[in-house]
Amino acid sequence: MIRAVTRIGLLFGLLLPVATIADDSGALLPVIPPAMGEACVEPRDVMRREHMQFLMHQRDDTVHSGIRGAKHSLVGCIDCHVQTNAEGAAIPVNAKGQFCERCHSFAGASMDCFECHATVPAQSQVQNQAQPDLPQWMRSPVFSIAGVASPSAGLD
Amino acid sequence: MAANKNSLADQGRRHFLTKTGAALAVGLAAGARFIDFPHASAATGPASGTQRWGMLIDANKCATGCTACVQACNDEHGITGQGRPQTDAQWIRKVTLRDKASGHEASLPLMCQHCEDPPCVDVCPTGASFRRADGIVLVDKHSCIGCRYCMLACPYKARSFIHENLTDQKPWSPRGKGTVESCNLCVHRIDEGKGRIPACAESCEREGHRAILFGDLNDPDSDVAKAMGAQQSQELRADLGLNTSVRYQGI
Chain A
1 MIRAVTRIGL LFGLLLPVAT IADDSGALLP VIPPAMGEAC VEPRDVMRRE HMQFLMHQRD
61 DTVHSGIRGA KHSLVGCIDC HVQTNAEGAA IPVNAKGQFC ERCHSFAGAS MDCFECHATV
121 PAQSQVQNQA QPDLPQWMRS PVFSIAGVAS PSAGLD
Chain B
1 MAANKNSLAD QGRRHFLTKT GAALAVGLAA GARFIDFPHA SAATGPASGT QRWGMLIDAN
61 KCATGCTACV QACNDEHGIT GQGRPQTDAQ WIRKVTLRDK ASGHEASLPL MCQHCEDPPC
121 VDVCPTGASF RRADGIVLVD KHSCIGCRYC MLACPYKARS FIHENLTDQK PWSPRGKGTV
181 ESCNLCVHRI DEGKGRIPAC AESCEREGHR AILFGDLNDP DSDVAKAMGA QQSQELRADL
241 GLNTSVRYQG I
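Sequences listed follow chains A and B, in order.
The first sequence begins at 1 in the numbering used here and counts up by one.
The second sequence begins at 1 in the numbering used here and counts up by one.
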């Protein structure tokens, strides 16, 4: 009898973590928010396993040799996978439940990328900065405030 | 029996050769793809040693009190202060030189001089400080451990250390706590290959001063090379023999 109780206890003990994961995310695998582009630069299973190698390889090419615009770009990932909130502002990709954070918290792997790298695309960053309720006269290109004016306003 | 043994051994050899050949073929194919990769997706670069990016700064044209270049640099790279001038990051600053005898004052912008023999690169223990093929001196923040030895070595005090956590960085200018940084000649603009000039030079031109001339020092037809050929210019601390890419006139 004691043996049976122990066995049942063990069985529950084994099932419990699985149930927790299932309750937490609604599925056994993390649900990733949909991306904007048509297709990823690599098949999904390849990206899941090897995206860090791709990013690390390309970052050295970019920093040391100035090769930009190649296939495996972190900026490219963010541009395609960023979500917007109800007001149309971009949500950082490392915010809770977002593209990068969702998988990384599921896998228990930390990421250091966003201690330095931007978490939202350039355009939305500029829009976000212009968002504060400035009066119309302050939005004219003549009136520029540090950090509010677009860095490349009127230059492109 | 012996013949049989030999044939088995031959088979083994044949298998070994086949497998090695296949592995080699796969390796070559993978290698070929690896090498082709950057070109396949219309990427820019790589930076070439045939170019050497530099600046000629005319102190006579630089207006006293004007900080347009500093502001433009801060906007371009998302540099915001914490209200602590002693430690806040600063990629470019305005300096006033005063001749004691005559009292003549010259105003000039000072930033990383992009030396040909950079002391910061000499002392870096991790190889994070490096000089790119086209002469731009950069910090690879992926390998920077924040020891700040380069800051001590730089005779121009051109480098800054980031003491605090940052947010809202620009996608083209990653910056973060615990790393050293300095002027990168707006390398993201140069790499676009569309003739864009650094933010400071652009703002100086917009202000109408035209004190900062940017271009390829190796190209005899570039404005900067022509101006240097026509008029006397000098390095700051030329005695150190660093052969800087940023040169000055009127000091």
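Please note: incorrect hints may appear among the correct ones.
[Stated by the list, open to error] Just the calculated beta-carbon pair ranges, DEER-fashion:
id	chain 1	residue 1	chain 2	residue 2	range
1	A	R48	B	A238	47 to 57 Å
2	B	D239	A	A35	49 to 59 Å
3	B	G103	A	L55	49 to 59 Å
[Unchecked claim] So the derived list for chain A, only partly shown, Cβ under 10 Å to chain B, looks like this:
id	residue
4	C116
5	V120
6	A122
Rather than coming from a laboratory, the hints here were simulated on the basis of the structure.
The beta-carbon is built from N, C-alpha and C at its ideal position, and this holds for glycine as well.
Structure-based check of each hint:
Roughly 55 Å separates the CB atoms of R48 (chain A) and A238 (chain B), a value that falls within the hinted 47 to 57 Å. Taken as a hint, the range 49 to 59 Å holds for the pair D239 (chain B) and A35 (chain A), whose Cβ atoms sit roughly 57 Å apart. For the hinted restraint 49 to 59 Å between G103 (chain B) and L55 (chain A), the CB-CB distance of approximately 56 Å keeps it satisfied. Restraint check, C116 (chain A) versus chain B: the minimum CB separation of about 3 Å is within 10 Å; hint holds.
Of the supplied interface hints, the one on V120 (chain A) holds, with its beta-carbon coming within about 8 Å of a beta-carbon of chain B, less than 10 Å. Annotation: A122 (chain A) was flagged as interfacial toward chain B, and the flag holds, the nearest CB pair being 5 Å apart, inside 10 Å.
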